[in-house]
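Protein chains in written order, with my numbering: chain A, 1 to 127; chain D, 1 to 398; chain C, 1 to 146.
No lab work stands behind these hints, which were simulated from the structure alone.
Note that beta-carbon positions come from the ideal geometry of N, C-alpha and C, so glycine has one too.
A hint or two may mislead.
As the list claims (entries may be wrong) - List time: in silico DSSO-like cross-link candidates among lysine-lysine, alpha-carbon distance up to 30 Å:
#1 A:K121 / D:K163
#2 C:K142 / D:K312
#3 A:K34 / A:K127
Stated by the list, open to error - Incomplete in silico selection of chain C near chain D, CB under 7 Å:
#4 N12
#5 F14
#6 A15
#7 I18
#8 V21
#9 P26
#10 R28
#11 I55
#12 L59
#13 W105
What the hints assert, rightly or not - Not close to chain D: a few residues of chain C, all C-beta gaps over 10 Å, as computed:
#14 N25
#15 G58
#16 S72
#17 E76
#18 P139
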Amino acid sequence: MWVFHFGGASCNNCDIEILDCLTPRYDVERFGIKLVGSPRHADVLLVNGSMNGRDKSRLLDIYEQVTKPVYVVAFGACGCTGGIFAEGLPFAGPVDTIIPVDAYIPGCPPKPEAMISGLMKLSETIK
Amino acid sequence: MSKQKIIPIGPYHPLQEEPEYFKLYCEGENVVDIEWETGYNHRGIEKLAEEKTFEQVFFLVERICGICSTSHPFAFANCMEEIGKVEIPDRAKYIRSIIGELERLHSHLLWVGLAGHFLGYDTVFMWAWKYREPVLDLFEIISGNRNSYAMFTIGGVRRDIEKSKFPKIREELEGLKKKIDLLTGAVMDDPVIHARTKGVGVMTREDIIDYAAVGPTARASGVEIDVRRDDPYAAYDLVDWKVITSPEGDVFAKAKVRLLEMYESVKIIEQCLDKMEKLEEGNIQTKVWEIPEGIGMGHAEAPRGEVFHFVKTDGSNSPVRHKIRAPSYVNIATFKKSCVGQTISDAAISLAAVDPCYCCTERMAVAYDSSTGKRILSGDELIKHSQARTRELKKNML
Amino acid sequence: MENNPFIEEIKNRFAEKIVEVTEHNPLRITLTIDPASLTVLAGVFLSEKNFRFIIASGLHTKKGFEILYHFSNDSEGHVINVHVVLPHENPVVDSLTKLLSGAEWIEREIHELLGIEFKGHPNMVPLISEGNWPEGTYPYRKDFKS
């Protein structure tokens, strides 16, 4: 499962937890999960952070570039609902109002275990 | 005629409210100019804060940045206590300093790892992040969460650190010291790292003052500023530690300053624990009934430099105006000085040296030829460029 | 409260330019000054006294547009605010970018959020607003409706 990570207007907490998954303690590569640098290689689009007007258009661009079929995962409270920033001025809607979302991983930030569990559940539904 | 090319880095780069999008203007291998664009991460926090109560603002400012998630509440608490003229209990002071220093440890370890990654030393990346885990475990023991700790409140802290947790904290710190020794040795003794970082991305003292840069970026250029010493808050004037500086101003100096600062952080935490043992448990908060009208300027030394909060209150329970300045806001502007004149392969590490969280190159960096708009280099390739340079250097040294 | 010799000196030297001095506590002082003399005073702070520019905060209040330029004196731990009040209509103030490159971003940001004009700024292009709110509207003004 190759994952492309898209970070919106986030606080970086989710981003470091996602990177943390790659490092020795969690090591998601043993499950065949890998972060890739280009959306064209991705099976899963992992979106975290609240979306502002600028991110929204970039997210749509990226979503267009990803080879289909693609599974979108909304990561963290901000990705799922907008979280604490939902009342903010530049907020442009949670991820699922911009592109279709297949799985939600809530938390602020979700623990690495939560990300692994979420992606494993997603992979089971794909089978 | 040499053709100028533009290499954009970013746009996703989420340290502060406004992450950046860099365009490197290049002629051949050389960077001739750099331009930035921000706003991808604008969340309107300052405006949002005006609609929240002071207690809620703590949770909001904690989420400005996940890596230095204590420094913003720290500065905000300093600011509010200044307006309300609140004196906090000693035990709360020590707990605040412990949290602040643990955060510095995890943030610097994170930086060492990423710097290693940019230079092509993925082993350093993996090791440093592995050694960072015990620090996150300590946070989980103390606060219940690995990242956003929710420890601060006006007048003190929300949770005590009980005596039963001390042995575990001391044990982990002891282990961490050995790991820092190892990392410091690996960086200081490696000829390739010397070759890649010495004389690269140099910032002179004058540049630092001109751009008003702060934190390790400034201290690595011999500018001796540290809010913890200059305007002491929490327990920093009650324990013994020193400000680390280095005069060179290059990437190597910045790495050295950060590595040596980690020892100071361990020292501060150990002293805080010693002093806390003599204090009564549970006395961690002064009751604050109201915040009068006024303005407050609070600052705190985050891992990346000074965080500054300005709050204007009108006697109600929420701020009238809340201005926040994160350290990267001034540090990032210095890229114009540190990157221009470098080669493309040195750009990645020069940018990373300021520690603007991890480089946006993980995200959506694509390079365009300025004349045709054709794709040339992606962010990944930029890192590969940097890593290839290291390999070449290594080969020549053998 | 004992008087700070530095503030006394500034008060004597620039008596006609200083409107008001407020001391919040011994380490935090606000100098309200005539906007026309901003660059002169900021120059004194930066070059003569080695103060460090922290940031500027823009506010919209009943009095008009207020900007507080925060300076820090690191050897003594002071934070000194240089405070200017600009009129509601057509707020203009001199840019500090000639003295200090570090002021470039914050002036652009204040311009976008409050619509204050900075005279002499070299690169007044939007910093954060693109796609987030329309040009010509200023979200931090009190009359702003989203």
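Taking the hints in turn, this is what the structure says about them:
no., hint, result
1, A:K121 / D:K163, "violated, 40 Å"
2, C:K142 / D:K312, "holds, 15 Å"
3, A:K34 / A:K127, "holds, 18 Å"
4, N12, "violated, 25 Å"
5, F14, "violated, 22 Å"
6, A15, "violated, 24 Å"
7, I18, "violated, 18 Å"
8, V21, "violated, 14 Å"
9, P26, "violated, 11 Å"
10, R28, "holds, 6 Å"
11, I55, "holds, 4 Å"
12, L59, "holds, 5 Å"
13, W105, "holds, 6 Å"
14, N25, "violated, 7 Å"
15, G58, "violated, 8 Å"
16, S72, "violated, 8 Å"
17, E76, "violated, 8 Å"
18, P139, "violated, 6 Å"
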